[in-house]
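Chemist: Throw the hints in and build the complete structure from the sequences for me.
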Amino acid sequence: MSSSTIAPSAQFHTDADRTSADGLRRAFVRKALGGYSVTRARTESTFTSWEEARDAAAEIKWEGLNHLDAMLEEFEAKFTARGGKVHWASTSQQARDYILGLAREKGVKSIVKSKAMTSEEIHLNAALEAAGYGVVESDLGEFIQQLMHEPPYHFVFPCMHLQREEISALFQRELGSAATDSPEELTMIARRFMRRHYLEADMGISGTNFIIAETGMISITENEGNARLTTAMPRIHVALVGIEKVLPRLADLALFLPMLATAGTGQNMTCYNSMFAGPRQPDEIDGPEEFHVVFLDNHRTRLLADPEQRDALHCIRCGACLNVCPIFKNIGGHAYGTTYQGPIGSVITPHFRGLQDWKHLSGASSLCGACTEACPVKIDIHHHLLHNRRNAMKEKPRWWEKLAWKGFGFLTNHPLLYRFATRLAPWMQQLHPLVLGTPLDPMQSWTKTRDFPEAAEEPFSVWMRRRKDGKL
Amino acid sequence: MSGDRTAVLARIREALREPAPRHHATPRAAATNAAVTAPFRAWLPQVGASSKERVALFAQLSTMLRTEFHACSSSAEAGDHVARLATENGWTRLATHAGELNEKILKRLPPALKLLPITPGYDRNALEACDAGLTECECLVAQTGSVCVSALSSGGRTLSVLPPHHIVVARRRQLVPDLSAAFELLAEKYAPDYPSFMTFISGPSRTGDIERILVLGAHGPKKLTVLLVP
Chain U
470 MSSSTIAPSA
480 QFHTDADRTS
490 ADGLRRAFVR
500 KALGGYSVTR
510 ARTESTFTSW
520 EEARDAAAEI
530 KWEGLNHLDA
540 MLEEFEAKFT
550 ARGGKVHWAS
560 TSQQARDYIL
570 GLAREKGVKS
580 IVKSKAMTSE
590 EIHLNAALEA
600 AGYGVVESDL
610 GEFIQQLMHE
620 PPYHFVFPCM
630 HLQREEISAL
640 FQRELGSAAT
650 DSPEELTMIA
660 RRFMRRHYLE
670 ADMGISGTNF
680 IIAETGMISI
690 TENEGNARLT
700 TAMPRIHVAL
710 VGIEKVLPRL
720 ADLALFLPML
730 ATAGTGQNMT
740 CYNSMFAGPR
750 QPDEIDGPEE
760 FHVVFLDNHR
770 TRLLADPEQR
780 DALHCIRCGA
790 CLNVCPIFKN
800 IGGHAYGTTY
810 QGPIGSVITP
820 HFRGLQDWKH
830 LSGASSLCGA
840 CTEACPVKID
850 IHHHLLHNRR
860 NAMKEKPRWW
870 EKLAWKGFGF
880 LTNHPLLYRF
890 ATRLAPWMQQ
900 LHPLVLGTPL
910 DPMQSWTKTR
920 DFPEAAEEPF
930 SVWMRRRKDG
940 KL
Chain V
8 MSGDRTAVLA
18 RIREALREPA
28 PRHHATPRAA
38 ATNAAVTAPF
48 RAWLPQVGAS
58 SKERVALFAQ
68 LSTMLRTEFH
78 ACSSSAEAGD
88 HVARLATENG
98 WTRLATHAGE
108 LNEKILKRLP
118 PALKLLPITP
128 GYDRNALEAC
138 DAGLTECECL
148 VAQTGSVCVS
158 ALSSGGRTLS
168 VLPPHHIVVA
178 RRRQLVPDLS
188 AAFELLAEKY
198 APDYPSFMTF
208 ISGPSRTGDI
218 ERILVLGAHG
228 PKKLTVLLVP
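From first to last, the protein sequence lines stand for chains U and V.
Everything in the first sequence is counted per my numbering, starting at 470 for the first residue and increasing by one.
Everything in the second sequence is counted per my numbering, starting at 8 for the first residue and increasing by one.
Since the hints were made in silico from the structure, they are not lab data.
Think of the CB as a built atom: it goes at the ideal place given N, C-alpha and C, for glycine as much as any other residue.
Check the hints yourself; a few may be wrong.
[Said to hold, decoys possible] For lysine-lysine, the following DSS-like pairs were computed, each having C-alpha atoms within a straight-line distance of at most 30 angstroms:
| id | chain 1 | residue 1 | chain 2 | residue 2 |
| --- | --- | --- | --- | --- |
| 1 | U | 875 | U | 863 |
| 2 | V | 111 | V | 230 |
| 3 | V | 229 | U | 500 |
| 4 | V | 111 | V | 229 |
| 5 | U | 547 | V | 196 |
| 6 | U | 500 | V | 230 |
| 7 | U | 554 | V | 196 |
[As the list claims (entries may be wrong)] Okay, the calculated beta carbon distance ranges per label pair:
| id | chain 1 | residue 1 | chain 2 | residue 2 | range |
| --- | --- | --- | --- | --- | --- |
| 8 | U | 483 | V | 97 | 52 to 60 angstroms |
| 9 | U | 823 | V | 179 | 54 to 62 angstroms |
| 10 | V | 122 | U | 552 | 28 to 36 angstroms |
Modeler: Here it is in structure tokens:
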């Protein structure tokens, strides 16, 4: 996708132009998301009060995040007492090094992974593969994307842009399976392939949906059962966890599990919601001998330090804001060039990767507010896009833009000069066709795809005066 | 060695020096301590008060989730149902764990059906080769049509997810109204020493990853049967 030699904003514009011109793909993605809207609305209506549930969820997340240090320490104490191990990583490098070191130290031969966006974030697979470890993604969508050598298209529906024919061709090529146009048969091909890996892998890597401070647990939500198998069968379980995922109490899940399912896919409950409190205990039949939780900061504390936007860390990664976003529907997930796509990705990525390089994402929005409306934890998403725009300008103002505004200010503060300019405009516009659409055109970014309206012959104020005087 | 603990915590504390505003309304009741689960009930999907209503809701949600659900009049009837499933589907091997309810079911099964008892050190390849897994559970949740199993209630972590058909047997009193009640029950039974694994199962394993079309039996069981006994 993105290449290191091209600036992220230039890459974004090239990719967005290309993908938004792919009408067939857009129609396909739109149809899939249309189905989501219907089921979600139906499930949401079974809540006695979805709105109050949102406020409660936001409050609980607020509480967790604004006491994050205490929450993480409480988790660590409880989790360690159960025989788990916590590793704190400031950077993605530290997280990768720890997991690699663990694999070496424990003589790991093969690794199976369930879905973890944090691992996409730190490019864990590439690091493990470079060190000679085979890693298999077990979530069906992630597995398909791994075979495609492509990042996920959507952080909840990784391969929603692919049609069954493409997946069938991929499986024929990579797995030697027979051609089929049945989603069921394709799923069974992956199921059969994966079984061996669950049985043989000695390390299972997972992400997490929630950290429960009170009981020292992590909670994982999934539909397929691959995360359950990944965390049950290998002798080592490693969970790569963003530090913001915290909930104060176990019972908070009674609210969050149904809300995550409703907002994420429109289900009333995701198929498996599992809670893990340490490795296998002495009175238990099976389970991993070791359980490591890797806490990942990787610039989350930078966002935490911004009180105005701190609530962006409330995100439970349901993906609802992507599903309803007119921009996402048109440019698709890959054009963003980020780990987290869509509106929430456009809010948090500039904090994680640098505001100046990623500020263009703040413009990837129509500011319609559908994202904010859809968010189950009430993150003020579209206003945060505006905050990012403002902060980017404050941090590094463009000299010509500053000059232009200064000039405009000067003009509007001097009525005589202003009147002169408005009279001049229609005349100047006569010269516009000479440069129209060329790089010399001062309006190029507008006139490339749109008409520029003609300046009026006389200013509104003059027209108004004539009208008042009864001359019209 | 716990990595960069000091530095991460220091950054968090520094970041939190300025409090964040709330962008949401403060909910009616503050969620604290014992009353924590109570306010959720007012906002989540409602559950009838009587046991009969709970069974009806669980049955209705089971249909939606593609769970096969039967309220049986006795454990013998439940056992006969499993025996019928075994014959109809041509099972040869069934895995299960020690348990009072399981015992009652096993008594009614055809003698030709080979049993794999799941005990510490069991052969996982043998479990993978089983046609079905029979387990007990922590509780059933009417509000969501879910089965809650734990490493202690249901023969470890793997038995309830590896075989292609998962059969759960539960007593009627194990059917709780909602998730909040389930967490209360788990807390009463275990806190603070919870099993290392607990999960809420809502229907057979599924995926919608290909064209958002629902397919059952992604990596876990293709079928889920829940049998309620008195």
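Chemist: It remains to establish, for every hint, whether it holds in the given structure.
Modeler: For each hint, the structure was consulted:
A distance of roughly 15 angstroms separates the Cα atoms of residue 875(U) and residue 863(U); the hinted pair therefore holds under the 30 angstroms criterion. Taken as a hint, the residue 111(V) and residue 230(V) pair is honoured in the structure, with Cα atoms around 22 angstroms apart against an allowance of 30 angstroms. A hinted pair counts as satisfied when its Cα atoms are at most 30 angstroms apart, and residue 229(V) with residue 500(U) qualifies at roughly 27 angstroms. For the given pair, residue 111(V) sits about 25 angstroms from residue 229(V) by alpha-carbon distance, which is consistent with the 30 angstroms threshold.
With a C-alpha separation of about 18 angstroms, the suggested pair residue 547(U) and residue 196(V) falls inside the 30 angstroms cut-off, and the hint holds. This hinted pair checks out: residue 500(U) and residue 230(V) have alpha carbons roughly 29 angstroms apart, not beyond 30 angstroms. For the suggested pair residue 554(U) and residue 196(V), the alpha carbons sit about 26 angstroms apart, so the restraint of at most 30 angstroms is met. Evaluation of the 52 to 60 angstroms hint for residue 483(U) and residue 97(V) yields a pass: the beta carbon distance comes to about 57 angstroms.
Evaluation of the 54 to 62 angstroms hint for residue 823(U) and residue 179(V) yields a pass: the beta carbon distance comes to about 59 angstroms. The supplied range of 28 to 36 angstroms is met by residue 122(V) and residue 552(U), whose beta-carbon atoms lie about 32 angstroms from each other.
The structure fails none of the hints (numbered hints given earlier).
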